[in-house]
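Trainee: One line per chain: the protein sequences are A and B, in this order. This note's numbering numbers the first residue of the first sequence as 1 and each following residue consecutively. This note's numbering numbers the first residue of the second sequence as 1001 and each following residue consecutively.
Errors might be hidden in some of the hints.
[Said to hold, decoys possible] Simulated pairs of lysine-lysine, DSBU-like, Cα-Cα distance not exceeding 30 angstroms:
| # | chain 1 | residue 1 | chain 2 | residue 2 |
| --- | --- | --- | --- | --- |
| 1 | A | K3 | B | K1098 |
| 2 | B | K1037 | B | K1071 |
| 3 | A | K70 | B | K1071 |
[Unchecked claim] Quick list of simulated restraints, FRET-style, between CB atoms:
| # | chain 1 | residue 1 | chain 2 | residue 2 | range |
| --- | --- | --- | --- | --- | --- |
| 4 | A | P61 | B | K1057 | 29 to 37 angstroms |
| 5 | A | R73 | B | H1072 | 15 to 23 angstroms |
| 6 | A | I60 | B | P1008 | 20 to 28 angstroms |
| 7 | B | A1070 | A | E22 | 22 to 30 angstroms |
| 8 | A | E69 | B | G1016 | 46 to 54 angstroms |
| 9 | B | E1083 | A | R9 | 16 to 24 angstroms |
[Unchecked claim] One side only, chain B facing chain A, incomplete, derived with CB under 10 angstroms:
| # | residue |
| --- | --- |
| 10 | A1029 |
| 11 | Q1045 |
| 12 | A1070 |
| 13 | Y1097 |
Hints listed in this document are in silico derivations from the structure and should not be mistaken for laboratory results. Think of the CB as a built atom: it goes at the ideal place given N, C-alpha and C, for glycine as much as any other residue.
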Amino acid sequence: DVKVTQSSRYLVKRTGEKVFLECVQDMDHENMFWYRQDPGLGLRLIYFSYDVKMKEKGDIPEGYSVSREKKERFSLILESASTNQTSMYLCASSYDRGTEAFFGQGTRLTVV
Amino acid sequence: GENVEQHPSTLSVQEGDSAVIKCTYSDSASNYFPWYKQELGKGPQLIIDIRSNVGEKKDQRIAVTLNKTAKHFSLHITETQPEDSAVYFCAASTSDYKLSFGAGTTVTVRA
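Required output: the full structure, derived from the provided sequences and hints.
Mentor: Encoded structure:
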């Protein structure tokens, strides 16, 4: 079974902190994604990566950055957390374009 | 960019009845349309998908239909069961890597 693992289920951080969300997949997938899920807004793409060290902005990249140093690991970074970044964050991976995306269980981030 | 609209936002059905969720998309170049189910406390999981060269696809109690001319696609769940209660998301993708998701439909199956 494909497994996408996010390092934390719940996180509470203070405004202004630098926050790292980690994601690891074990199926040698080329593509990895970070989404943000908010009620009534669905899933919105923050960043994605189609290869090691490659990254592309999604629909809502402001206030976020990413890092992909190894194929299996994709990190989302909040440089200076703000309260409007309180949300559920979902990592996903896929083998190729137009193929099934496998999601992690999500990280519920609260910024206070 | 692609805009996907999903209706209804909530749906309550009696066990055994059918449920239908509808989505529209804006980019006529979209060619891949997956549906995801998200249970409480879990990440979304693919339940069925359809490509633009197919009009309908079935898998047991679930089916998806696609109308490319009207740019809409629908999920049909027949003989609903309590375990069908979840949030369902439609999505659309062109030939790039990005999936654009609808806002989600919370389905409740009443016993």
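Trainee: So, for every hint listed, does it hold in this structure?
Mentor: Okay, the hints, checked on the actual structure:
no., hint, result
1, A/K3 <-> B/K1098, "holds, 20 angstroms"
2, B/K1037 <-> B/K1071, "holds, 22 angstroms"
3, A/K70 <-> B/K1071, "violated, 38 angstroms"
4, A/P61 <-> B/K1057: 29 to 37 angstroms, "holds, 34 angstroms"
5, A/R73 <-> B/H1072: 15 to 23 angstroms, "violated, 38 angstroms"
6, A/I60 <-> B/P1008: 20 to 28 angstroms, "holds, 25 angstroms"
7, B/A1070 <-> A/E22: 22 to 30 angstroms, "violated, 42 angstroms"
8, A/E69 <-> B/G1016: 46 to 54 angstroms, "holds, 52 angstroms"
9, B/E1083 <-> A/R9: 16 to 24 angstroms, "holds, 23 angstroms"
10, A1029, "violated, 12 angstroms"
11, Q1045, "holds, 7 angstroms"
12, A1070, "violated, 21 angstroms"
13, Y1097, "holds, 5 angstroms"
Violated hints, listed in ascending order, are 3, 5, 7, 10, 12; each of the other numbered hints is respected by the structure.
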